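A.B. asks: Build out the structure end to end from the sequences listed, making use of the hints.
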Amino acid sequence: MKANQSTLFLKEVELIKECKKNSYAAQMQLYNMHKRQVYNASWRILKNKEDAEDAMQDAFIKGFQKIEQVKDDTNVGAWFKRIAVNLSLDLVRKRNKNWLENIDEFEVEESVEELKLIDYPSVKFIKSCIDLLDEKYRVILILYLIEDYNHREISEQLNLKESTVRNQYRRGKIKLMELLQKNRHYEFKGTHSGE
Amino acid sequence: MSLKEHIQGNRDLLDNEEVSSQVDLDFANRLKQELHIPKKGRLISLKYLAVAASVALLFTLGKITISSVNKQKDKTQLLANLTDESAGTRLEGVYHFDEKYEVEDVQIINTLISILHKDSNANVKIATIDALLKFPQSESVRESFIKALENESAPLVQIKLIKSLSILRENRAQEPLEKIMNNQETLPIVMSNASLAMAKISNNN
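First to last, the sequence lines map onto chains A and B. Per our numbering, the very first residue in the first sequence carries number 1; after that it's consecutive. Per our numbering, the very first residue in the second sequence carries number 1; after that it's consecutive.
Subject to a maximum C-alpha distance of 25 Å in a straight line, what follows is the list of computed DSS-like cross-link-like pairs (lysine-lysine): (1) A:Lys136 with B:Lys4; (2) A:Lys21 with B:Lys32; (3) A:Lys124 with B:Lys4.
Honestly, the hints are just simulated from the structure, not real lab data. Please read all numbers here as calculations on a predicted model, not as lab measurements.
C.D. replies: Have a look at this one:
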């Protein structure tokens, strides 16, 4: 496995070098290697197929235009995904100003214990519960839990105070935990993913 | 293990939406349009500037020389030869142009492009391609080569076009080259030339 991974990595390094020379073939290869993760990152935020497809394409085009900026050994898939997430958030800001402007600044106490689950449910199940949340929680939880943004980065992207993002995250997490506890039996009634 | 760690450790499982092949096709086209078609505006305006400067110089000097009159006669004869019924005469016309003409003449170029697309004789077409290669910067020449490659069926002409587009490092040739490579009726020698040209164009980008 390690040998395969290093071979793939070398191949990607070569592809990045070729993309810096504007090689169409190399660009299409990188697109095919990473389109799925980039598309899914946009889809999770936008929940609209056409918007997510546009954001994905825009991300790759923008990425190829700026690829000179990255080192040859960069995790370029993560880099394209970042661009796609940021573009998706631009669209969220444009189309859904209401929830961003009406966030309650009332602080949630940090001392609320994180509910611990004995067995972690499958990530797909967790994701389906996140999808049930209001957008004002869903977007922030997706960015923090799945896309690995920190609170400061989220605040910059959404034009919110960092304290507001932390509050929203705590509120969202509490609601998520409640959903997970409430709906667990539905997951385990069907096939157990065994993850 | 925290919830975030659990999710981060299994993140790949969340990418379960598929990208359709239509979207792939749209992206491929968009990539070509946005990053691989040379900008025409600057080239065209520079060319017009050059032409305008030449014309202004001629008028400032106020000379219409006898050699210019002879050139006009020569051009008329050339155009007549290029459109002659006899393939031999047309071929002679193309060779004459190739030897004697250094400056791009729109009328003659257009006539040669017409020969490239419509002539019934493969030798005339091949000689025409060589003649047009004298103007590698001409957008109409490049476009005519690409268009001709899309429609040409004579193997020797196909090979000539493929090699010429490879010399020109013309990215837009990739699509017709792919079609040739995917066509089962393509002769092996044409196929191998197309494949070499594709690799060269891709590597040179």
